[in-house]
Every structure is written in C-alpha cells, then in structure tokens.
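Starting from the structure of chain A, add chain B where the hints point.
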Amino acid sequence: MSAALIAEQILNGLQSGMMLFLMAAGLTLVFGVMGLINLAHGSLYMVGAFLAASAAAATGSFLVALAAAMAGAALAGAVVERVVIRRLYDRDHLDQVLATFALILIFSEGTRWVFGSFPLYLDVPDWLSGPVELPGGILYPRYRLALIGAGLAAAAGLGLLVTRTRLGMRIRAGKDDREMIAALGVDIGRLYTLVFALGAGLAGLAGALVGTIRSVQVGMGEPVLILAFVTIVIGGIGSIRGALVGALLVGLTDTLGGILLPRALALVTDPATARTTGAALASMAIYALMAGILVWRPTGLYGARPA
Amino acid sequence: MTKTTIAALALAALAGTATAQTKVGMITTLSGGGASLGVDTRDGFMLAIEQSGRDDVDVVIEDDERAPDRAVQIADRMIQSERVDVLTGIVWSNLAMAVVPSATAQGKVYLSTNAAPAQLAGRMCHPNYFAVSYQNDNLHEAAGAWANQAGYSDTFVMAPNYPAGRDGLTGFKRFYEGELAGEIYTDLGQTDYAAEIAEIRASDADSVFFFLPGGMGISFLKQYSDAGVDLPLVGPAFSFDQGILQATGEAALGVRNTSQWSPDLDNPANRDFVAAFEEAHGRLPSLYAAQGYDTANLLLSALDRAEVSDAEAFRAALAEADFDSVRGDFSFASNQHPIQDIYVREVVEEDGVFTNRIVGTALEDRANAYLDACDMQ
Numbered sequence: 001m002s003a004a005l006i007a008e009q010i011l012n013g014l015q016s017g018m019m020l021f022l023m024a025a026g027l028t029l030v031f032g033v034m035g036l037i038n039l040a041h042g043s044l045y046m047v048g049a050f051l052a053a054s055a056a057a058a059t060g061s062f063l064v065a066l067a068a069a070m071a072g073a074a075l076a077g078a079v080v081e082r083v084v085i086r087r088l089y090d091r092d093h094l095d096q097v098l099a100t101f102a103l104i105l106i107f108s109e110g111t112r113w114v115f116g117s118f119p120l121y122l123d124v125p126d127w128l129s130g131p132v133e134l135p136g137g138i139l140y141p142r143y144r145l146a147l148i149g150a151g152l153a154a155a156a157g158l159g160l161l162v163t164r165t166r167l168g169m170r171i172r173a174g175k176d177d178r179e180m181i182a183a184l185g186v187d188i189g190r191l192y193t194l195v196f197a198l199g200a201g202l203a204g205l206a207g208a209l210v211g212t213i214r215s216v217q218v219g220m221g222e223p224v225l226i227l228a229f230v231t232i233v234i235g236g237i238g239s240i241r242g243a244l245v246g247a248l249l250v251g252l253t254d255t256l257g258g259i260l261l262p263r264a265l266a267l268v269t270d271p272a273t274a275r276t277t278g279a280a281l282a283s284m285a286i287y288a289l290m291a292g293i294l295v296w297r298p299t300g301l302y303g304a305r306p307a
Numbered sequence: 308m309t310k311t312t313i314a315a316l317a318l319a320a321l322a323g324t325a326t327a328q329t330k331v332g333m334i335t336t337l338s339g340g341g342a343s344l345g346v347d348t349r350d351g352f353m354l355a356i357e358q359s360g361r362d363d364v365d366v367v368i369e370d371d372e373r374a375p376d377r378a379v380q381i382a383d384r385m386i387q388s389e390r391v392d393v394l395t396g397i398v399w400s401n402l403a404m405a406v407v408p409s410a411t412a413q414g415k416v417y418l419s420t421n422a423a424p425a426q427l428a429g430r431m432c433h434p435n436y437f438a439v440s441y442q443n444d445n446l447h448e449a450a451g452a453w454a455n456q457a458g459y460s461d462t463f464v465m466a467p468n469y470p471a472g473r474d475g476l477t478g479f480k481r482f483y484e485g486e487l488a489g490e491i492y493t494d495l496g497q498t499d500y501a502a503e504i505a506e507i508r509a510s511d512a513d514s515v516f517f518f519l520p521g522g523m524g525i526s527f528l529k530q531y532s533d534a535g536v537d538l539p540l541v542g543p544a545f546s547f548d549q550g551i552l553q554a555t556g557e558a559a560l561g562v563r564n565t566s567q568w569s570p571d572l573d574n575p576a577n578r579d580f581v582a583a584f585e586e587a588h589g590r591l592p593s594l595y596a597a598q599g600y601d602t603a604n605l606l607l608s609a610l611d612r613a614e615v616s617d618a619e620a621f622r623a624a625l626a627e628a629d630f631d632s633v634r635g636d637f638s639f640a641s642n643q644h645p646i647q648d649i650y651v652r653e654v655v656e657e658d659g660v661f662t663n664r665i666v667g668t669a670l671e672d673r674a675n676a677y678l679d680a681c682d683m684q
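Chains as they are written, first to last, in our numbering: chain A, 1 to 307; chain B, 308 to 684.
In case anyone wonders, no lab produced these hints; they're calculated from the structure.
Quick reminder that beta carbons are idealized off the backbone N, C-alpha and C, glycines included.
One or more of the hints may lead you astray.
[Unchecked claim] Derived DEER-like restraints, expressed as beta-carbon distance ranges:
1. A/63 - B/376: 43 to 49 Å
2. A/284 - B/361: 54 to 60 Å
3. B/579 - A/67: 47 to 53 Å
4. A/115 - B/376: 24 to 30 Å
5. B/496 - A/84: 36 to 42 Å
6. A/226 - B/553: 27 to 33 Å
7. B/586 - A/84: 48 to 54 Å
8. A/58 - B/408: 48 to 54 Å
9. A/187 - B/561: 58 to 64 Å
[As the list claims (entries may be wrong)] A few chain B residues that face chain A, going by a derived Cβ cut-off under 7 Å, partial list only:
10. 468
11. 470
12. 492
13. 502
14. 509
15. 525
16. 530
17. 533
Excised from the complex, chain A in its bound form (with noise of 0.2 Å):
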C-alpha cells in the first residue's frame, strides 16, 4: 500500500467530512438553538439537488445553478418552519420527530410528482472537470477538490457569522436563553425562521455540489441525515465547531476503514473472509466512533457540559 494511495484516501476523507458538515451544520445550529429535532433535513438535501439539476438544464451554468440550489432549499425552509415547524417548539421531541417525518414523506413524493420517478443528471462543469496532479504525483479529480474548498469556505464563513456579527451573537444567545433575548426585544421568530432557512440553504447547497457526481434521485436525502446526526452527536450539539471536527471524523474514519479494515484482517484470516468481514465491519466504524467518544465525552467533544 503506498503513500500516494494513503494520501489520495485521506483526500477522499477530508471531502466527504466536508460535504456532511454542511448537512451537519444546518442540523446542529437547528436543535442547538430551537431544541427541534428535524428529520426533513434530509429533504432539503433533496430539494437543493433537484433545484440544481434543473436550473443547470435550464440555463447550462453550474454557478447559476448553485444559487438556484441555496436560494431555494432556504426558501423552502423559511415556508416549512413559518407553516409547520412554529407550532413543534414547545412539543416534545417524540411530536417533533413524527411531524418532520411527515415532511420527508411529503417532500418525497412532491418530488417524485414534480419531477417523476426517474434519477435527473447534473454533470461536473466543463473548468472542473478532468484530474489534476498534486505534489507526490498523485491525480485527483479537480472537482473533489473544488469541494473540500467550497466546505472550508462555508466553515469560515459560518465561523465568522456566529462569532463576528449581531445575528451571530443573536444565535448564541438564543441557544443559551431564549426567554432572556425575546425579553430584551429581540424577535425571536423572525430569528428561528433565518436560522432555519440558514440551515436549509446550506442542506440545499451541499445536495447540488453532491447530487453533482452521484445521482439526484428521490430518496437521497436520508442515508445522509443519519451520517449527518452521527456527526453532531460526535461533536456536540449546537457547536458548528463541533459538526466541523465530528464531520472531517466520520468522513475520515469511513474512508480509511473501508480500505484498511479488510487489509488488517487479511494478515489474519483468508482472503474472502476478510473482504466480507471487512467490508462490514467498515460499515460500523462510525458507529463505533461515536459511541467511544460518548463514553468519554457524554455530551459530544464540544459539547455544553452539565452543570
């Protein structure tokens, strides 16, 4: 196994760490500050990719068709927590999590209506297509590497938005006390709906730049939101530091077990078996992840710590 490999595997690590903290961020920001659990997170996944797909048909341009993907999931979000999500703040979370199912069905089959059942293609623009050779002679391709710098942008801007601007600190303070901002004048349903609609945006955003080299089709959505809630769970709920960290994990520890897992048990069991075994065990890394960083840390490594 040689070093140009590892190196390309960590690559491939860093970038879907990237993409599943745009997921991870949304999700994090909506129950740290709201305390609501959203299923149709994953939904507005969905919706960004699809949106993308057919705004890049329509016009042919991949930038056009990124906005298209952002502006819409938040809009999306906006009128799903103005019309639906309102009323589930003060709910338990068992309610929460029955209504926002809800959503992902409806959101499923609006969609499979809307666009019909069969998967539509957004394809890698022409200026990001194509390998590129780094130092050490390793070929990736451009566009991979045009995602792991569209997740760190997003990272430091959302960086700079919770800690460098009023609707940051609004945000904290919200997620802190939220009886204690609304007293101070704030309003606090105008910032739940720009919080949420912030989240859908970057769900939106993530689907197109992923629905890009995979396919966009109904469904996708969810596979994503159960890696997305593994990862907030690993960092700590309510820090974007938090999804940050635990996404580059899940990404990492998913990519390299896949590929080193079976490697490590073929020194000690045949061929076939190691690749069966593997392969699943590669599939409960995350997992397993997660529950040793619970054990030592309960609530997440950047998580609140109780009193």
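The following block gives chain B in isolation, referenced to the frame of chain A:
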C-alpha cells in the same frame, strides 16, 4: 348497484367463459426507482401481443412497486380471484423467489422475462417454470470469457455485497483464467466510489470488471471518467442498457458490456422488432423490451400448438421454443433456461443517441452451470 348492471355483469361473465380465453397475469415494476425496466418489459410484451392480432389472450398488468410482499399479494389475487393461466413479468430476483415457487406449485405456468436466480435453475427447478431471458450468471460468465479473449490477465473485480453481487463475481471467475488484481465488495446502494477508484488506480490491474446495477453504475461511471483512470471497463449489460445510457452520457462511451441481445443484432425478427418498437414508442428498445417481446412470442407459439388447459401438452409446446426469437437461435436446456449466444457490445453514440453495437461473441450456445443440480433431465 342496480339490477340492470348486475344483469350486464352476469352476461359479460358468461360471454367471457364462452370463448377459450387465455389469461396472462403480468407483475412488473412500473413505479419507483426501477420503473424503466418494468415499463420496457411491458411495452415489449404488449407489442408482440398486438402484432399477433389475436383476441383470445387477455393480459392483466399490475405494478409490484419492487416490493416482494406486494408482488406476492398481487400473485395470490391473480391466481385465486382472476384465475390467470400464465404469470410473467417480474424484473428482480428477490421478487421472483417470493412469487415463482408458490405459483408453479399451484399449477400455474411462469415465464420469466428477466429474473432467473440460481436456485430456480438448480435445486428448485420446476416443469412449470421457463426462463426466457437467461440464467442470472450468464452475462457475468460471458464477461469472464471476454476478458480472456481480449488478453486481460490482471482484472480488478467489484460488485455490491449482496447475493446477486456475490453471484456476479462467482460467474465472472467461472470462465476468467487470469489473475485478480483486486476484489472489492461495495455497499448496496453506495453512491460514492472515490475510495474504490483510488484502489483501482493504485493496483497494477490491466482492466476492471464491475457489476453495479441501476443508479450505482451511473455514479461509478461518472466518477471513474472524471478521475482520469484509463483502464478498460467490462461489465454485464445492466449498467449500459438503453434506458440508462442517456443518463451516463459520454462517461460510458467505449465501455464493453456483455448481452444476449443488441439492437443491431442482424436477423429479420430483430430488425422488425426494433423498427416496430421505435415506431410505437418513439425510443429504442432496451434488453428488457426484447426479453418481454420474446416471452410473448414464445407464449403465442405454444398457444398455437396446445390448449393451456392441457398442461402436459402446453408445457411440451413451450419447451419446443418454436418462435422467431429476436436473438436468432434459441432453444431450452433441460432445466428450461435458454441455450444462446452471448455477445460483447460497445457503447457508441449515433445521431446524438447513446446505444450499443456488437463487437464480438463471448460465449456460443451457452446454457448454464446448474443443469446437474436440477432433477428434470
């Protein structure tokens, strides 16, 4: 319900029993992810029925939504209350395993337009079960044989970790004589293949065999062509069929794939079929449409020779396979699966449409590996 409608229904029922109608139940996937396969199966089958101009064959069509429990429910209803004589149409092997054994045990004839799992070819073979398509391993076996012919000696093989995926790799290895540069089982439904592509690049393989049906194959092909690995790809026809090719686009150009049928196969029955299908539906037929068409023609040929009610004679007429197959030569082996040539096709672009052209023959007169396991001799 008024008395007149009851009377009308009773009359209609009487009229129905008056002529010797043959009732065919088609269970196939018409909605959800795999819908394009079922739609083509249905359109191919119905094209043959319409072309025959016969009015003594009734076809009832139901959507199984790719769910085994739904397929079983439909089959029970078709057998018990609609009293069909022949069942057909199932695309997926897991659905076929749920429906076929009980249908054949109840004395119904099942003609498979696609799914043909190993169990039904071997230990569980049945005089009432005919696979008109192939045996599931055939296209993989042909890919192995083709790898030998093309001089590949170090192939990297990859399939999803589920029964059909493991069978696919077993089928490939049955004929392939070279070394394996690597062997990977992926998750079923996986959509990101970056890690596997890096492994392929790092291995010293001279070619790649992959079996990734449906959306998995589309994702893999797009990512593979973008990664700049230029090893030749070989696979069974499922990822390169007419319905999928327009979606993969240029990423699939030049890929070799194995199939027992191709739109450019040169025989009169196939030329007529491709032209008639294109005229009726405005698109090129897929492998599934060709299999549906052949199944209907086999059924019609048997009905010309025997009544469905005479089970023994009807089965013998089916086993004769006296019809003009779009695949050319076609006959049944002792376990009632086809003996046929399997070709290698190349993905090409013609007038802006992506399609397949035959470039060689991988296996001639291939039956299947389960003849000895089946006790019908």
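Here's how the hints hold up against the structure:
The hinted window of 43 to 49 Å between residue 63 of chain A and residue 376 of chain B holds, with their beta carbons roughly 46 Å apart. Between residue 284 of chain A and residue 361 of chain B the Cβ separation comes to about 57 Å, which falls inside the hinted range of 54 to 60 Å. Range check, residue 579 of chain B to residue 67 of chain A: about 50 Å between beta-carbon atoms, so the 47 to 53 Å window is met. Remark: the range hint 24 to 30 Å for residue 115 of chain A to residue 376 of chain B is upheld by a beta-carbon distance near 27 Å.
As the Cβ distance of residue 496 of chain B to residue 84 of chain A is approximately 29 Å, the hint placing it in 36 to 42 Å is violated. The hinted window of 27 to 33 Å between residue 226 of chain A and residue 553 of chain B holds, with their beta carbons roughly 31 Å apart. In this structure the hint that residue 586 of chain B and residue 84 of chain A lie 48 to 54 Å apart at CB holds, the actual value being about 49 Å. Between residue 58 of chain A and residue 408 of chain B the C-beta distance comes to about 50 Å, which sits within the given range of 48 to 54 Å.
Between residue 187 of chain A and residue 561 of chain B the Cβ separation comes to about 60 Å, which falls inside the hinted range of 58 to 64 Å. Given hint, residue 468 of chain B at the interface with chain A, holds; its Cβ is 5 Å from that chain's nearest Cβ, closer than 7 Å. Because the beta carbon of residue 470 of chain B sits about 12 Å from the nearest beta carbon in chain A, more than 7 Å, this interface hint is broken. With its C-beta approaching chain A no nearer than about 5 Å, residue 492 of chain B sits inside the 7 Å limit, and its interface hint holds.
Of the supplied interface hints, the one on residue 502 of chain B holds, with its beta-carbon coming within about 5 Å of a beta-carbon of chain A, less than 7 Å. Given the 7 Å rule on beta carbons, the hint for residue 509 of chain B holds: about 4 Å separates it from the nearest Cβ of chain A. Proximity of residue 525 of chain B to chain A holds as hinted, the smallest CB-CB distance being about 5 Å (cut-off 7 Å). Hint status for residue 530 of chain B relative to chain A: holds, with the closest Cβ pair at about 6 Å, below 7 Å.
Using the Cβ-Cβ criterion of 7 Å, the hint placing residue 533 of chain B at the interface with chain A is satisfied: the shortest such distance is roughly 5 Å.
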